[in-house]
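There are 2 protein chains.
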Amino acid sequence: MQRDRPKIHFATSNVNKFLEAQSILAEYGVQLVQVGHKGVEIQSGSVEEVARESARSAASKAGVATLVEDAGLFVDALRGFPGAYSSFVHATLGCDGVLKLLNGISDRKARFVSAVAFCEPEGQPKCFPGVVEGTIAREARGKSGFGFDPIFLADGAGDRTFGEMQTNEKNKYSHRAKAFREFVRWFVGTIKP
Amino acid sequence: MQRDRPKIHFATSNVNKFLEAQSILAEYGVQLVQVGHKGVEIQSGSVEEVARESARSAASKAGVATLVEDAGLFVDALRGFPGAYSSFVHATLGCDGVLKLLNGISDRKARFVSAVAFCEPEGQPKCFPGVVEGTIAREARGKSGFGFDPIFLADGAGDRTFGEMQTNEKNKYSHRAKAFREFVRWFVGTIKP
Numbered sequence: 016m017q018r019d020r021p022k023i024h025f026a027t028s029n030v031n032k033f034l035e036a037q038s039i040l041a042e043y044g045v046q047l048v049q050v051g052h053k054g055v056e057i058q059s060g061s062v063e064e065v066a067r068e069s070a071r072s073a074a075s076k077a078g079v080a081t082l083v084e085d086a087g088l089f090v091d092a093l094r095g096f097p098g099a100y101s102s103f104v105h106a107t108l109g110c111d112g113v114l115k116l117l118n119g120i121s122d123r124k125a126r127f128v129s130a131v132a133f134c135e136p137e138g139q140p141k142c143f144p145g146v147v148e149g150t151i152a153r154e155a156r157g158k159s160g161f162g163f164d165p166i167f168l169a170d171g172a173g174d175r176t177f178g179e180m181q182t183n184e185k186n187k188y189s190h191r192a193k194a195f196r197e198f199v200r201w202f203v204g205t206i207k208p
Numbered sequence: 016m017q018r019d020r021p022k023i024h025f026a027t028s029n030v031n032k033f034l035e036a037q038s039i040l041a042e043y044g045v046q047l048v049q050v051g052h053k054g055v056e057i058q059s060g061s062v063e064e065v066a067r068e069s070a071r072s073a074a075s076k077a078g079v080a081t082l083v084e085d086a087g088l089f090v091d092a093l094r095g096f097p098g099a100y101s102s103f104v105h106a107t108l109g110c111d112g113v114l115k116l117l118n119g120i121s122d123r124k125a126r127f128v129s130a131v132a133f134c135e136p137e138g139q140p141k142c143f144p145g146v147v148e149g150t151i152a153r154e155a156r157g158k159s160g161f162g163f164d165p166i167f168l169a170d171g172a173g174d175r176t177f178g179e180m181q182t183n184e185k186n187k188y189s190h191r192a193k194a195f196r197e198f199v200r201w202f203v204g205t206i207k208p
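Which chain is which? The protein sequence lines are R and C, in order. Under the numbering used here, residue 208 is the last one in the first sequence; the count climbs by one each step, no gaps. Under the numbering used here, residue 208 is the last one in the second sequence; the count climbs by one each step, no gaps.
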C-alpha cells in the first residue's frame, strides 16, 4: 500500500512565495497546500514576531496546523528600512523608491530575512529563521521572483540579481529557502514511521 | 459639592500626541490620563482599522474604557506612502527620506489622517476620523510637534509648517485636533447630568 505524502497548509496569498516553498519541500517529499487566509499581521520591526502571531491566528481560525512565512529586506544605510513593511513599501514605492533613497550613498549593504512559523491550533508557534546577506544593485534587473528581488545581489552569487534567477537557482542562496529547509528538516523528524 | 471632571485613559507612548489631545479635551472640561500600553497594532493600510483594533486590545487588557489615536501622512505622488506606517518610516528615513523620494516631483499633495478610537472593555470601538489636506514643503522647517510636522504645509495655513507652529496654533488645522473634537463632542453628550 502506498503511503500518502505528508501535507501541510501554507497560508499565503503570494503565489511566487508558494512556488518557492513548494520546490524546497518537494525535495523532502512533503506536499504543500496553499490556503488564502494568512492570519492577522501585527506591526513589528521583527519578521519573526509577525510570522509567529500570524501563524497563531491563522491556525486558530483554520483549525488545522498552518505554516506562515514573513520576510523583509533590511538596508543598512536606511536603518533597516523597509524591513518588516517590505510588501507595503514595494506596493507604494517599488524598487525605484529604494534605489532613489540610496542615490549618492556608497554603503549598499542589505539582507533579506525570512521567518517561517508553524503552528497547531491553540498551540505555540515554532519559528525557523533564514538570512541572506548581500548588496543593493545600482539598477533593477530581471523579471523573476517578486518584491525587491530585481535589486538584490546575494553575496557569493555573482553579479546577477534574484530577479535574474529561476526559482531553483534563487533557492541555493535565498533567505526563504534557508528558513523552509530548517523547517522541513525539523518537520520530517517529527513524523512517526 | 464640586463635581470631578470626567477622566479618560489615553493609551499612547507619545508625549507630544498626549499634549495635543489634552489641550483639545481641556476646552471641553474633560481630563486626559496618559497610560503606556496602546494595545496590539495590526498591519493595515487604514489608520482607522489600526486605531479600532488597538483600542479594543488596550481596553480589554486594561479593563477600563480606553482611547487610542493612530495617524499617518499620505503622499499622493508616493501612492499613499508612508500612510499607516508613518512612525516606522519616520524612525528609519526621517523627513529627509520623504523629501528625497519627492526630488524632481512637482505634485506635492498630501494629507494627514487621524483616527481616534474609544473602546469599553469587551465593547465595540467607536471611531472618529480627522483629515487635513496640504502639501509637502521643499525642506524641513521648525522643531515643534513631531513626526513629519516639519515638512507639512496645511492648506489655508500660509507658508509655515506644522513644525513651526505651537500646539494651540497647530490645533486650529490638524487632523488630530479634528478627530479629538469629534470624539469629545460625542463623549460629552454621553455624560449623564
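A couple of the hints might just be wrong.
SDA-like cross-link-like pairs, simulated, lysine to any residue; straight-line CA separation at most 20 angstroms [claimed, not checked]:
#1 R:LYS115 <-> C:LEU117
#2 C:LYS76 <-> R:GLY112
#3 R:LYS115 <-> C:HIS105
#4 C:LYS115 <-> R:ASP122
#5 C:LYS115 <-> R:ILE57
#6 R:LYS115 <-> C:ALA92
#7 C:LYS115 <-> R:SER61
#8 C:LYS124 <-> R:GLY112
#9 C:LYS115 <-> R:LEU114
#10 R:LYS115 <-> C:ARG94
#11 R:LYS115 <-> C:LEU93
#12 C:LYS32 <-> C:SER61
#13 C:LYS76 <-> R:GLN58
Keep in mind the hints are simulated off the structure, nothing from the lab.
Comparing the hints with the structure gives:
1. R:LYS115 <-> C:LEU117: This hinted pair holds, its Cα atoms lying about 10 angstroms apart.
2. C:LYS76 <-> R:GLY112: Between LYS76 (chain C) and GLY112 (chain R) the Cα gap is close to 39 angstroms, so the pair fails against 20 angstroms, i.e. violated.
3. R:LYS115 <-> C:HIS105: holds, 17 angstroms
4. C:LYS115 <-> R:ASP122: The given pair, whose Cα atoms are some 17 angstroms apart, holds under the 20 angstroms limit.
5. C:LYS115 <-> R:ILE57: Status violated; Cα separation ~28 angstroms.
6. R:LYS115 <-> C:ALA92: holds, 14 angstroms
7. C:LYS115 <-> R:SER61: violated, 26 angstroms
8. C:LYS124 <-> R:GLY112: holds, 18 angstroms
9. C:LYS115 <-> R:LEU114: Satisfied, since the Cα-Cα distance of roughly 11 angstroms is no more than 20 angstroms.
10. R:LYS115 <-> C:ARG94: holds, 16 angstroms
11. R:LYS115 <-> C:LEU93: holds, 12 angstroms
12. C:LYS32 <-> C:SER61: With Cα atoms ~19 angstroms apart, LYS32 (chain C) and SER61 (chain C) stay inside 20 angstroms; holds.
13. C:LYS76 <-> R:GLN58: The hint holds at about 18 angstroms.
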